[in-house]
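Got chain R; can you put chain A on it based on the hints?
Residue numbers (our numbering), protein chains in the order written: chain R, 14 to 291; chain A, 14 to 291.
It is possible that part of the hints are untrue.
Any copy, or any two copies together, can satisfy a pair, since identical chains are not distinguished.
As the list claims (entries may be wrong) - Below, simulated SDA-like cross-link-like pairs (lysine to any residue); rule was C-alpha separation at most 25 Å, straight line:
hint : residue 1 : residue 2
1    : K208      : T30
2    : K208      : A148
3    : K176      : R286
4    : K176      : R116
5    : K176      : H214
6    : K176      : R206
Calculated directly from the structure, the hints in this document are not laboratory data.
Please read these numbers as outputs of a predicted model, since none were measured by experiment.
There are 2 protein chains.
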Amino acid sequence: GAGVQVTVAEALDRVLTTVDPPLSDLVEAEVRRHTELLLRSTVVALEPGAEGLTCVLRGPDGERRIEVDAVVLAVGVRPDSTLLVQAGARHQKGALLVEDTMRTGLPDVWAAGDCVAHHHLVLDGPAWVPLGPAANKTGRVAGTVAAGGRARFAGIVGTAVVKVFDLDVARTGLTQAEAGPEALVTDVVHRSRAKYYPGGHPMTVRLVHEPGGRLLGGQLAGREGVAKRIDVLATALHARLGVGELAELDLSYAPPFAPVYDPILIAAQRALRTRAPA
Amino acid sequence: GAGVQVTVAEALDRVLTTVDPPLSDLVEAEVRRHTELLLRSTVVALEPGAEGLTCVLRGPDGERRIEVDAVVLAVGVRPDSTLLVQAGARHQKGALLVEDTMRTGLPDVWAAGDCVAHHHLVLDGPAWVPLGPAANKTGRVAGTVAAGGRARFAGIVGTAVVKVFDLDVARTGLTQAEAGPEALVTDVVHRSRAKYYPGGHPMTVRLVHEPGGRLLGGQLAGREGVAKRIDVLATALHARLGVGELAELDLSYAPPFAPVYDPILIAAQRALRTRAPA
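Next up, chain R with everything else stripped away, as it sits in the complex (with noise of 0.2 Å):
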């Protein structure tokens, strides 16, 4: 982008894998739009080169070494707890579990933000989900109730959107991969807009769903309206709905912005119908 040229190195076999591979294609194919992308490939070593830095690359090609302005390393993150690990506090992974206000189980400490393991309301249970909203949310709790206030946090769904170039990703819930296979998943593509509206986009959209009609989460892909719309799916989530219930809401309709039948309830009908695999 900009007139620069850049190298992505993933260490893993696809990019963006908080999605299911449907919707990680897709980002990889907008990846490889604006980069050269390079998968199962590793930064060996970073050494002086003739202007800037010599980076070796190791991938399954082998070796290879480029001359590069800068390196942007995105390396993953970690919960940093070992103060209170070694305290006592209880823990999973290295990921604090705490109660729904804040306390650690230590006296008098209260724990707060991406080192703590938030409870998921999809999966009842705690889950390390180390993103902003909850971050400030549980800040605010533990606060309070250090100071005396009465609060709770009421969990995490699981959201997060990201903008991949010009493609948005958001998921909620849980992925296939995460559901695990008793789980049903329903994709469909549909307009972001009215068929003759201009400017309309492809949208991407997939539902996993218990055969019974449980809502467990949701993807979204598209060039426009993905960030909030999966706030719908969220929201639905936190409501418990299932797909039947999804597929009745009446969401806005307006040619700039969805067609009447939106994405979503496009996809909640065909969820209503998507058996198990024979």
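Frame of chain R, contents of chain A only:
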């Protein structure tokens, strides 16, 4: 717009009366940015003019004649139900009252679409809101049931969105005017994107709610992210969430799409502290 000079004559004293005045004021300003807007004004005659038509307008300042190339009339809609009303079908001001199977009560006669009063889930009674999505859904129900199948229409919450030049305006549930004097309103203006991310716009949110916290409706206006954000409130109305539960939703956050606390969450947090005027 597009170099065409437009005069809008509105018979009422404000535009878009389907939203409350704080929102319709924003719409009025947007209409005035692009057209000459005349309120409390009606077209009383169209006469042949020198080159096109002469449009005779009557307003608070008396009569005015303007030369125009074309006149677009938007005079509202009314259910065309005379046939069934004369046959004895139940109706409310012409809008047909039907069961959730779209049966009219007349033998072997179903009715669907804009001539029908739909079950309004917030009012828990019939309401005439003639919009496309419910017209489509009720047509499917009537067709399925008439053909011997099983289907029912779940009802509406009165969701609508409209694009007025560059301003998007949406509503769901009840407006303050519709909810009556006991209802509380909470108004906030918040950013559509993270503060530091370019291209954001102010977003106006109005929540209409009961003193006990029950959500009755919502309205949004802004230059982006309105249409599908209203659907979060529509989903909340379907699920009968209160403003406390609304404030707890795990909504999507990324700087291009929302602040870390979405404007809906900010409004819901504020609504929890809104008290009836003394």
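Against the structure, the hints come out as follows:
1. K208 x T30: neither (32 Å within a copy, 28 Å between copies)
2. K208 x A148: between (40 Å within a copy, 18 Å between copies)
3. K176 x R286: Neither, since 32 Å and 34 Å both go past 25 Å.
4. K176 x R116: Answer is neither: 35 Å inside a copy and 47 Å across each miss the 25 Å cutoff.
5. K176 x H214: both (16 Å within a copy, 18 Å between copies)
6. K176 x R206: Close inside one copy (20 Å) and across copies (13 Å); limit 25 Å.
Comparing the model with each numbered hint stated earlier shows that hints 1, 3 and 4 do not hold.
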